[in-house]
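Chains as they are written, first to last, in UniProt numbering: chain W, 1 to 214; chain A, 1 to 214.
Watch out, some of these pointers could steer you wrong.
No copy labels: a pair is met if it fits in one copy or bridges any two.
[Unchecked claim] The calculated DMTMM-like cross-link candidates involving lysine to aspartate or glutamate, where the alpha carbons are at most 25 Å apart (straight line), are:
| id | residue 1 | residue 2 |
| --- | --- | --- |
| 1 | Lys202 | Glu60 |
| 2 | Lys202 | Glu43 |
| 3 | Lys202 | Asp95 |
| 4 | Lys202 | Asp110 |
| 5 | Lys202 | Asp40 |
| 6 | Lys202 | Asp38 |
| 7 | Lys202 | Asp61 |
| 8 | Lys202 | Asp76 |
| 9 | Lys202 | Asp116 |
| 10 | Lys202 | Asp53 |
| 11 | Lys202 | Asp119 |
Since the hints were made in silico from the structure, they are not lab data.
Protein chains: 2
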Amino acid sequence: MRVTFHGELVQLREQLVAMCAMAAQAMRQASRALLMADLDLAERVIAGDAALDQARGGCEDHAQSLLALQAPVASDLRSILAAVYSAEKIERMGDLAAHIADTARFSHPDHAVPADLEDTFARLGEIAAGMADRLGELIGQPGVDGFAELDETDHAVDALHSRVLTTITGPGWPYGVRTATSLALLARFHERFADQAVSVAKRLDFAATGEFPA
Amino acid sequence: MRVTFHGELVQLREQLVAMCAMAAQAMRQASRALLMADLDLAERVIAGDAALDQARGGCEDHAQSLLALQAPVASDLRSILAAVYSAEKIERMGDLAAHIADTARFSHPDHAVPADLEDTFARLGEIAAGMADRLGELIGQPGVDGFAELDETDHAVDALHSRVLTTITGPGWPYGVRTATSLALLARFHERFADQAVSVAKRLDFAATGEFPA
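Same shape as in the complex, but just chain W:
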């Protein structure tokens, strides 16, 4: 029975790893759609989000049946609750990537990001997608102390987010209010994507140790 149960836990983890890969791809493609003003790609990201919603439903159903059939306790119980929590956050990462794609779609045929902020947003997209990749690795190899690592990466995202806000609200901003508003929200979508990854890593550490990392 315990072997079966642990096999099921491994499978649940694999479902989450697959979700991380989907979120990373959604962010990479959304970022590319944004920077290239690529309407087709933006629409693919938006349409593709349903698959991540469905994957989350699959994780929840699996977790719920494990709880009902196996009545786990202690760290096994924490692991399953962490999986439910993680699935919800990773799904949210997909929503945020879709919001970015939606901005690209709305702006098309114009570019939503002016040339002098392209590098900043390219970096934001790259780091955010890399956090989703890394989160998948951390879920696949439980026990690694991932929170400290992703929290560190998140500081870089926060710094880029601040740079966007400083740029658009600074003196001599030449692109007007509509562009500034759109960039403020875009920066926030990236920042929230990164935040979800950090909060999943925190929850995984809790599942492994029974204590939240400081």
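Based on these hints, arrange chain A on the given structure of chain W.
Just chain A, lined up with the frame of chain W:
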């Protein structure tokens, strides 16, 4: 044993009802702090958010011990998972209220909201706080079909959110980019607060029926 378990479920619900009251109060006070440029009140909301984080931890611990000790199945299991989900969302509502208070604090002694958008933001704050109140009632009286009702109210929030975006990006906006950016984020904080309430209501309907409302 079953009586005790159902007593525990009632107590878990009461914890969530108390969290809704805290979120509603946080939103009301944040909205007031924003519109009155009231620094003391803004700081109280920001400091008070820790209590909601703690209440969420209490709900999770309680839910986890019920899962471990009682091994519930079917609708009881769904109810406990819904409580974990709800606690997380209601805590997020508190975070969003704190973000609004933070904007008020950052702008002080200036008003973050120009006079001609005060009514719109007053309405946003009022509706959002009312949704937290109503969510508490729905949690306290399970079985009521709350999703349709809160989803309907949420349309009013979305309309006000759109009005803010249209106003700040429309021709003749006189207050500059910094104010516009801040208002775009403020409107989003209110909208996300309302979204969390809707998603909790949806989850409660699922817990009651085993099916997500359409």
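Hints and how they fare:
1. For the homomeric pair Lys202 and Glu60, the shortest alpha-carbon distances inside one copy (19 Å) and between copies (15 Å) are both at most 25 Å.
2. In this homomeric assembly, Lys202 and Glu43 never come within 25 Å of each other (Cα to Cα): the closest approach is 32 Å inside a single copy and 27 Å across copies.
3. For the homomeric pair Lys202 and Asp95, the shortest alpha-carbon distances inside one copy (21 Å) and between copies (18 Å) are both at most 25 Å.
4. In this assembly of identical chains, Lys202 and Asp110 lie within 25 Å of each other by CA distance neither inside one copy nor across copies; the values are 39 Å within and 37 Å between.
5. In this assembly of identical chains, Lys202 and Asp40 lie within 25 Å of each other by CA distance neither inside one copy nor across copies; the values are 36 Å within and 32 Å between.
6. Proximity of Lys202 and Asp38 under a CA criterion of 25 Å is satisfied in neither setting, with 35 Å inside one chain copy and 35 Å between copies.
7. In this assembly of identical chains, Lys202 and Asp61 lie within 25 Å of each other by CA distance both inside one copy and across copies; the values are 23 Å within and 16 Å between.
8. For a Cα distance limit of 25 Å, the shortest separation of Lys202 from Asp76 inside one copy, 17 Å, qualifies, whereas the shortest one across copies, 28 Å, does not.
9. In this assembly of identical chains, the alpha carbons of Lys202 and Asp116 never lie at most 25 Å apart, being 35 Å within a copy and 43 Å across copies at closest.
10. Taking the shortest alpha-carbon separations for Lys202 and Asp53, both the intra-copy value of 22 Å and the inter-copy value of 15 Å come in at or below 25 Å.
11. For the identical chains of this complex, Lys202 and Asp119 are neighbours neither inside a copy (29 Å) nor across copies (40 Å), given an alpha-carbon limit of 25 Å.
In this structure, the hints that do not hold are numbers 2, 4, 5, 6, 9 and 11, in rising order.
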